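K.L.:
The lines below spell out each chain.
There are 2 protein chains.
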Amino acid sequence: MALRIISADSHVNPPRDLWTSRAPAQLKDRAPRVESTPQGDVWIVDSEVKGAIGLDAMAGRKYEDFKVAGLSYKDMRPGSYDPKARLEDMDQDGVDAEVLYFGGPITQYPKDPELRRFIVRTYNDWMMELSKAAPGRLIGLGHVPLADLGEAMDELKRIAKLGLRGFHMNPFPDDIGAKPLSDPMYEPLWALIEELGLPVSFHIMGPRGMALSRLRDPTPGVKETFIALANISMTELMASLIFTGILQRHPKLQFVIVESGIGWIPYFLERMDQTFQKHRFWTKSIITEKPSTYWYRQGHATFIEDHTGVAERHRAGLENIMWSTDYPHSDTTWPRSREVLASHFEGVPEDERRLVVSENARRLYNLN
Amino acid sequence: MALRIISADSHVNPPRDLWTSRAPAQLKDRAPRVESTPQGDVWIVDSEVKGAIGLDAMAGRKYEDFKVAGLSYKDMRPGSYDPKARLEDMDQDGVDAEVLYFGGPITQYPKDPELRRFIVRTYNDWMMELSKAAPGRLIGLGHVPLADLGEAMDELKRIAKLGLRGFHMNPFPDDIGAKPLSDPMYEPLWALIEELGLPVSFHIMGPRGMALSRLRDPTPGVKETFIALANISMTELMASLIFTGILQRHPKLQFVIVESGIGWIPYFLERMDQTFQKHRFWTKSIITEKPSTYWYRQGHATFIEDHTGVAERHRAGLENIMWSTDYPHSDTTWPRSREVLASHFEGVPEDERRLVVSENARRLYNLN
Numbered sequence: 032m033a034l035r036i037i038s039a040d041s042h043v044n045p046p047r048d049l050w051t052s053r054a055p056a057q058l059k060d061r062a063p064r065v066e067s068t069p070q071g072d073v074w075i076v077d078s079e080v081k082g083a084i085g086l087d088a089m090a091g092r093k094y095e096d097f098k099v100a101g102l103s104y105k106d107m108r109p110g111s112y113d114p115k116a117r118l119e120d121m122d123q124d125g126v127d128a129e130v131l132y133f134g135g136p137i138t139q140y141p142k143d144p145e146l147r148r149f150i151v152r153t154y155n156d157w158m159m160e161l162s163k164a165a166p167g168r169l170i171g172l173g174h175v176p177l178a179d180l181g182e183a184m185d186e187l188k189r190i191a192k193l194g195l196r197g198f199h200m201n202p203f204p205d206d207i208g209a210k211p212l213s214d215p216m217y218e219p220l221w222a223l224i225e226e227l228g229l230p231v232s233f234h235i236m237g238p239r240g241m242a243l244s245r246l247r248d249p250t251p252g253v254k255e256t257f258i259a260l261a262n263i264s265m266t267e268l269m270a271s272l273i274f275t276g277i278l279q280r281h282p283k284l285q286f287v288i289v290e291s292g293i294g295w296i297p298y299f300l301e302r303m304d305q306t307f308q309k310h311r312f313w314t315k316s317i318i319t320e321k322p323s324t325y326w327y328r329q330g331h332a333t334f335i336e337d338h339t340g341v342a343e344r345h346r347a348g349l350e351n352i353m354w355s356t357d358y359p360h361s362d363t364t365w366p367r368s369r370e371v372l373a374s375h376f377e378g379v380p381e382d383e384r385r386l387v388v389s390e391n392a393r394r395l396y397n398l399n
Numbered sequence: 032m033a034l035r036i037i038s039a040d041s042h043v044n045p046p047r048d049l050w051t052s053r054a055p056a057q058l059k060d061r062a063p064r065v066e067s068t069p070q071g072d073v074w075i076v077d078s079e080v081k082g083a084i085g086l087d088a089m090a091g092r093k094y095e096d097f098k099v100a101g102l103s104y105k106d107m108r109p110g111s112y113d114p115k116a117r118l119e120d121m122d123q124d125g126v127d128a129e130v131l132y133f134g135g136p137i138t139q140y141p142k143d144p145e146l147r148r149f150i151v152r153t154y155n156d157w158m159m160e161l162s163k164a165a166p167g168r169l170i171g172l173g174h175v176p177l178a179d180l181g182e183a184m185d186e187l188k189r190i191a192k193l194g195l196r197g198f199h200m201n202p203f204p205d206d207i208g209a210k211p212l213s214d215p216m217y218e219p220l221w222a223l224i225e226e227l228g229l230p231v232s233f234h235i236m237g238p239r240g241m242a243l244s245r246l247r248d249p250t251p252g253v254k255e256t257f258i259a260l261a262n263i264s265m266t267e268l269m270a271s272l273i274f275t276g277i278l279q280r281h282p283k284l285q286f287v288i289v290e291s292g293i294g295w296i297p298y299f300l301e302r303m304d305q306t307f308q309k310h311r312f313w314t315k316s317i318i319t320e321k322p323s324t325y326w327y328r329q330g331h332a333t334f335i336e337d338h339t340g341v342a343e344r345h346r347a348g349l350e351n352i353m354w355s356t357d358y359p360h361s362d363t364t365w366p367r368s369r370e371v372l373a374s375h376f377e378g379v380p381e382d383e384r385r386l387v388v389s390e391n392a393r394r395l396y397n398l399n
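Those sequence lines, one after another, are chains A and B.
My numbering puts the first sequence at residues 32 to 399.
My numbering puts the second sequence at residues 32 to 399.
Read the hints as simulated data drawn from the structure, not as lab findings.
Be aware that a few hints might be false.
Which copy is meant is left open, because identical chains are indistinguishable; a pair holds if it fits in one copy or across any two.
[Said to hold, decoys possible] Derived PhoX-like pairs: lysine-lysine, alpha-carbon spacing no greater than 20 Å straight-line:
| hint | residue 1 | residue 2 |
| --- | --- | --- |
| 1 | K93 | K321 |
| 2 | K315 | K93 |
| 3 | K188 | K283 |
| 4 | K309 | K93 |
Because the structure is a prediction, the values reported are computed rather than measured.
All chains should be built: construct the whole structure from the sequences, respecting the hints.
P.N.:
And the structure:
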């Protein structure tokens, strides 16, 4: 059987008319739309600017031509929103299947519940349409907003019914005014996730506690520091899911930290295990196994380019790590994924490479 | 020549009467003092509680007996403040020399400049006295407060004159209301540090952006998450010192990230290099070499127990990493340092071990 190359983290930028074309009359004016401005295209949701076209649409550009914003939909590879164009781009890059994450304004939902529900449902419906456009090649994941617990659980049930293979949640809902995931109030949600058997993904959202506006800070070095730090923030989520006992209480719950990189994982597992060994008495820790046990049993992480991580793959967990292209974002390997894979897996045994670039994602998302 | 084992990060807890016994009349009532309460000993500075005796005084305790607070000076090993007792503890542990960092309320200085200057100068004077009590074995480092730039520069000059071999600064002065170290206002300070030729140390201070009060949060797992995350926050400082061009402008400036651990460094160097490669054009990066170049030339990091880091020592930088005991804090290896070293350096060539446990610190601090 030929090796199928699966990208465990790729993205969409939704069609510019996705929401306006499907909005009911009473939401027509408030639905997300793309507006062309002298500063490029921007997403507008309920009169507020919610993101510009830039780093999310860099596939195929030379680094010299990268832009944080100021581009338009015309500048974007159509594979960002059109399934046929997407498959052509994947073929060119030697990628057989892609797990698809959010784009556009989907993670920045408004306070109004009616508008929010419309945005999220429309997006999740479209992700299913995409998945059906190329079964086994486009693996759309849903998005579950954490503004309201009941709403989150309802949408998660709908996602399972639609047939999506997994879903994404904000790793740090306290950043948007909700309770942090360590709060016991989320217990029914964790139980539902385990019951449905869908893996839950948490994608990086920038460095913890740093506003996205740092990407416009003129102080030399602030922008690069922001980008360099974005991935490692997932240490907080990993520690929190483990030490709160969520993974212990829900041993069948599988989770993914997405675009986290993997080279830091061996260090951090050791650090968490030491923390548990030394501090579990006075902290009255509620977990009973050492932290790394939960990771190896239930955790997954994706990476794009990470030679350190591949060298340390055994400590990170051979069945816990998955390669990805991040198409069409700025960190993408497109269209040089073959070359990137060759460089990362030189000297790695074939069965180990197969797990990381294919089998782990296939098993997790139950793909044929 | 026999191998001298040097701990590159150990701590003091200052004598309880250090400040009260030396305060001028007008500061007598406001000088830091230890008060015994039913909840254990606490440091009081200018009527405010500034820390309790607990995790900073755990050397020799069983993990089952660890306490975050509630202890008294009597419960502490006298090696925390008494040089003779300290040398006996070091002998018992097979440690020849220790680089000494802060303790007590020294990093939580008050707003009043007169009181602050008294606290800092008294502490730095005492660190020099400690150093003279056992030349070549006790290597006291100074502390430079960042509340005021002129004051910081004056104290740094005084530290150099005293003869201390290095000094510590807060890695994140914006946490205490000052400008972040990425701010160009610190340029004269960086120039002075380079001119004086003293290495500047930045010790971990808890996870970035998380209040120390999380160590008292009753939500299960929050305390352990806080502890597990404390070290990795130094990624932000490392990226900031590099991308702001501080290290490029001051190529002789040597810095240390202290108690950071080292196992994450190879991953993070690769991540910073990728950030530079892909994003330097639109960010208008002001550095000219790839980020890892500055690390290998000017950076150092200390670790306590970190098997991943020792396995990855070549990528982290053989001349950039230094072992430590962290005595008498809760992460200390005392009194089992011989055993910890044997386990970490099994199979590591003798010349490489020598760098990490001795030579790198000796070279950095100019020890005989």
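K.L.:
None of the hints should be skipped; say for each whether it holds.
P.N.:
Consistency of the hints with the structure:
1. K93 to K321: Intra 45 Å, inter 18 Å, cutoff 20 Å: inter-copy only.
2. K315 to K93: Between copies only: 15 Å across, 52 Å inside.
3. K188 to K283: Cα proximity of K188 and K283: one copy only (17 Å, versus 60 Å across).
4. K309 to K93: Classified as between; 9 Å across copies, 49 Å inside a copy.
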